[in-house]
Amino acid sequence: MKNGRAGADSTLVARKLRKNYGDFEAVKGVDFEVRRGECFGFLGPNGAGKSTTMKMIYGVAIPSGGELSVVGLDVTKDIRGVKRRIGVVPQENNLDEELMVRQNLLVYGRYFDLSKKSITQRADSLLDFVQLSERAEAKVGELSGGMKRRLLIARALINDPELVVLDEPTTGLDPQARHLVWEKLRQLKNEGTTLILTTHYMDEAAQLCDRLVIMDGGRIITEGKPRDLVKENTSPEVLEFRPRPDSLEALRELLAGEAEHVERSADLLLAYTHDSDELMRTVRRSEIPLENTLYRPAGLEDVFLRLTGRSLIE
Amino acid sequence: MHIPSPRGAFRVWQRDLTIFRKFWKPALFPNFIEPFFYLAALGLGLGAFIGDINGQDYILFIAPGLLASNAMFAASFEATFNTFVKLKIDRVYDAIVSTPVNAEDIVAGEYLWAGTRSVLYGTSFLIVLTALGLISSWWALLLPPFIFLMGLMFSVMGMLFTSLIQSIDFYAYYFTLIVTPMFLFSGIFFPIEDFPAPVPQLAWFTPLYHAVNVCRELATGPSPAVLIDVLWVVVFTFGLALVPVQIMRKRLIS
Chain A
1 MKNGRAGADS TLVARKLRKN YGDFEAVKGV DFEVRRGECF GFLGPNGAGK
51 STTMKMIYGV AIPSGGELSV VGLDVTKDIR GVKRRIGVVP QENNLDEELM
101 VRQNLLVYGR YFDLSKKSIT QRADSLLDFV QLSERAEAKV GELSGGMKRR
151 LLIARALIND PELVVLDEPT TGLDPQARHL VWEKLRQLKN EGTTLILTTH
201 YMDEAAQLCD RLVIMDGGRI ITEGKPRDLV KENTSPEVLE FRPRPDSLEA
251 LRELLAGEAE HVERSADLLL AYTHDSDELM RTVRRSEIPL ENTLYRPAGL
301 EDVFLRLTGR SLIE
Chain B
1 MHIPSPRGAF RVWQRDLTIF RKFWKPALFP NFIEPFFYLA ALGLGLGAFI
51 GDINGQDYIL FIAPGLLASN AMFAASFEAT FNTFVKLKID RVYDAIVSTP
101 VNAEDIVAGE YLWAGTRSVL YGTSFLIVLT ALGLISSWWA LLLPPFIFLM
151 GLMFSVMGML FTSLIQSIDF YAYYFTLIVT PMFLFSGIFF PIEDFPAPVP
201 QLAWFTPLYH AVNVCRELAT GPSPAVLIDV LWVVVFTFGL ALVPVQIMRK
251 RLIS
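Chains as they are written, first to last, in the numbering used here: chain A, 1 to 314; chain B, 1 to 254.
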């Protein structure tokens with residue numbers, strides 16, 4: 001690995017990576033390392049710099065500063081070499097609408113200079129993998145959103161990549177289609193493919209990622225395993241109170257004294273604690289009027305709220 | 001300066017060919033049939049009143065020029081509307097640039113494809129012209145390679161315009177203000193040299209004028225002066241070719 005600074009098992013290393021568009025700094029110096037075989041996530045709201053970081057990885061954006069090495073190659077020196085060995089699932093569907101489903105894979109495989117025989121074999125097994133064999137001769141326009149996303153995943157795998165970059169792989173899909181995509185990604189991971197994905201869904205990050213970074217405003221604000229991030233940054237239990245508007249302040253004062261910390265998100269007050277039963281009893285005794293209350297274990301969105309003071313999806 | 005890789009360009013050309021093979025019959029027909037309308041209406045209809053031009057039957061005079069305009073239209077549509085759809089609507093190029101094919105290869109591949117398409121249309125038209133007895137020289141065997149060169153030239157021009165516009169509506173300007181005037185004033189339908197200055201001088205600066213000259217000379221047997229026209233086409237095409245490559249690259253890679 002370049003400069004010998006990264007561990008031997010790292011397949012992607014970013015150091016002080018920056019990207020600006022004119023005066024706007026989309027990525028403001030980020031450092032991260034992705035190990036071979038892991039699923040690494042970028043979590044953050046729209047405009048956090050996740051997609052720009054992905055684009056630098058697959059060569060559609062050129063870094064303005066810092067270093068980025070992907071599969072051991074410097075992206076500013078050998079982007080063709082990088083692209084030859086990775087797979088890309090873009091945020092927006094860009095399947096070739098003029099080609100049939102199977103043809104999309106065959107034509108895409110040619111861009112990698114693969115032999116016709118190996119493309120054909122691989123296309124058939126990939127269609128099988130993403131459960132689209134029966135639609136092989138269908139027009140792309142006839143596929144549902146979930147099928148198109150699965151075809152994009154199959155297309156990204158045509159060159160048998162070491163690393164697959166997925167930019168918001170399930171945005172806009174219905175729950176059933178999302179679960180099918182997740183299942184495919186887990187299978188890939190189990191086969192040893194390194195995955196990098198961006199998402200603004202907490203459950204997606206928690207379900208798939210071994211490690212993740214949370215990005216906001218072009219910076220990485222924290223990094224770790226999903227469970228550790230929750231453990232380190234917030235209390236394990238959350239009570240979500242929706243008080244009457246006129247009693248919001250009174251409740252906030254009470255919770256500030258009783259809970260470990262309190263966050264406000266629109267008309268909700270979120271109280272973090274190790275003992276939600278005890279906190280609930282205290283709130284009931286105070287007789288502050290509540291419209292409703294929800295108990296849940298703390299998750300990544302609480303980490304984000306705690307670190308930025310804002311909700312992830314606004 | 002980004003220089004296209006031949007291999008990448010070939011892959012893009014191959015993609016266009018794959019799609020063309022599915023649609024070639026309906027796609028070929030209009031572009032192929034159009035010059036016959038001009039040939040019939042002007043060559044036979046108007047030609048009956050004109051008689052000879054430069055000692056040639058009128059229909060013999062215009063037929064080779066229509067080969068040049070046919071190549072211009074084929075390559076222009078390819079480098080304008082078709083390219084714009086791939087760039088901005090279907091986002092085909094966005095998918096390609098994340099493979100080992102780079103943005104600069106895409107533009108070069110589209111040039112090659114526009115050249116190929118011009119040859120396919122132009123050669124079929126040439127065969128019919130020959131069958132009708134409108135081609136009189138063996139030098140006409142050099143027409144297909146020259147049609148390919150014309151396809152490249154008009155593709156470079158169209159691609160330059162495409163690389164600069166944000167909306168598909170702007171092509172009205174390109175076709176009305178550039179393509180149509182060239183079609184009318186490049187010596188296809190009447191010798192432009194007889195016009196008062198500065199019309200012949202202006203025509204000298206347009207690509208179609210030289211393309212028409214070469215086609216006419218090859219169809220009837222060339223004089224050495226044709227080399228100047230060929231040289232003009234070569235210098236214009238290759239001098240300009242890398243400009244759209246750089247601008248399109250900027251649109252695809254930020």
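Just so you know, not all the hints are guaranteed correct.
Have a look at the derived ranges for each label pair, beta carbon to beta carbon [as the list claims (entries may be wrong)]:
no.: 1; chain 1: A; residue 1: 24; chain 2: B; residue 2: 24; range: 24 to 30 Å
no.: 2; chain 1: B; residue 1: 176; chain 2: A; residue 2: 74; range: 47 to 53 Å
no.: 3; chain 1: B; residue 1: 53; chain 2: A; residue 2: 136; range: 56 to 62 Å
no.: 4; chain 1: A; residue 1: 116; chain 2: B; residue 2: 202; range: 27 to 33 Å
no.: 5; chain 1: A; residue 1: 274; chain 2: B; residue 2: 89; range: 51 to 57 Å
no.: 6; chain 1: A; residue 1: 224; chain 2: B; residue 2: 27; range: 53 to 59 Å
no.: 7; chain 1: A; residue 1: 136; chain 2: B; residue 2: 191; range: 18 to 24 Å
no.: 8; chain 1: A; residue 1: 191; chain 2: B; residue 2: 145; range: 16 to 22 Å
no.: 9; chain 1: B; residue 1: 145; chain 2: A; residue 2: 9; range: 52 to 58 Å
Below, in silico cross-link-like pairs of lysine to any residue (SDA-like), each with a Cα-Cα straight-line distance of 20 Å or less [what the hints assert, rightly or not]:
no.: 10; chain 1: B; residue 1: 22; chain 2: A; residue 2: 25
no.: 11; chain 1: B; residue 1: 250; chain 2: A; residue 2: 25
no.: 12; chain 1: B; residue 1: 25; chain 2: A; residue 2: 100
no.: 13; chain 1: A; residue 1: 28; chain 2: A; residue 2: 38
no.: 14; chain 1: A; residue 1: 148; chain 2: B; residue 2: 91
Hints listed in this document are in silico derivations from the structure and should not be mistaken for laboratory results. Just so it is clear, CB atoms sit at the ideal spot from N, CA and C, and this is done for glycine as well.
Consistency of the hints with the structure:
1. A:24 with B:24: 24 to 30 Å: This hint is violated: roughly 46 Å between Cβ atoms.
2. B:176 with A:74: 47 to 53 Å: At roughly 48 Å between Cβ atoms, residue 74 (chain A) and residue 176 (chain B) fall inside 47 to 53 Å, so the hint holds.
3. B:53 with A:136: 56 to 62 Å: holds, 58 Å
4. A:116 with B:202: 27 to 33 Å: violated, 51 Å
5. A:274 with B:89: 51 to 57 Å: holds, 55 Å
6. A:224 with B:27: 53 to 59 Å: Holds - the Cβ-Cβ distance for residue 224 (chain A) and residue 27 (chain B), about 56 Å, lies within 53 to 59 Å.
7. A:136 with B:191: 18 to 24 Å: Hint violated: Cβ distance 58 Å, outside 18 to 24 Å.
8. A:191 with B:145: 16 to 22 Å: violated, 51 Å
9. B:145 with A:9: 52 to 58 Å: Once the Cβ atoms are compared, 55 Å apart, the range 52 to 58 Å for residue 9 (chain A) and residue 145 (chain B) holds.
10. B:22 with A:25: violated, 45 Å
11. B:250 with A:25: Roughly 18 Å separates the two Cα atoms, so the pair holds.
12. B:25 with A:100: holds, 19 Å
13. A:28 with A:38: violated, 25 Å
14. A:148 with B:91: holds, 15 Å
Violated hints, in rising order: 1, 4, 7, 8, 10, 13; the structure is consistent with all others.
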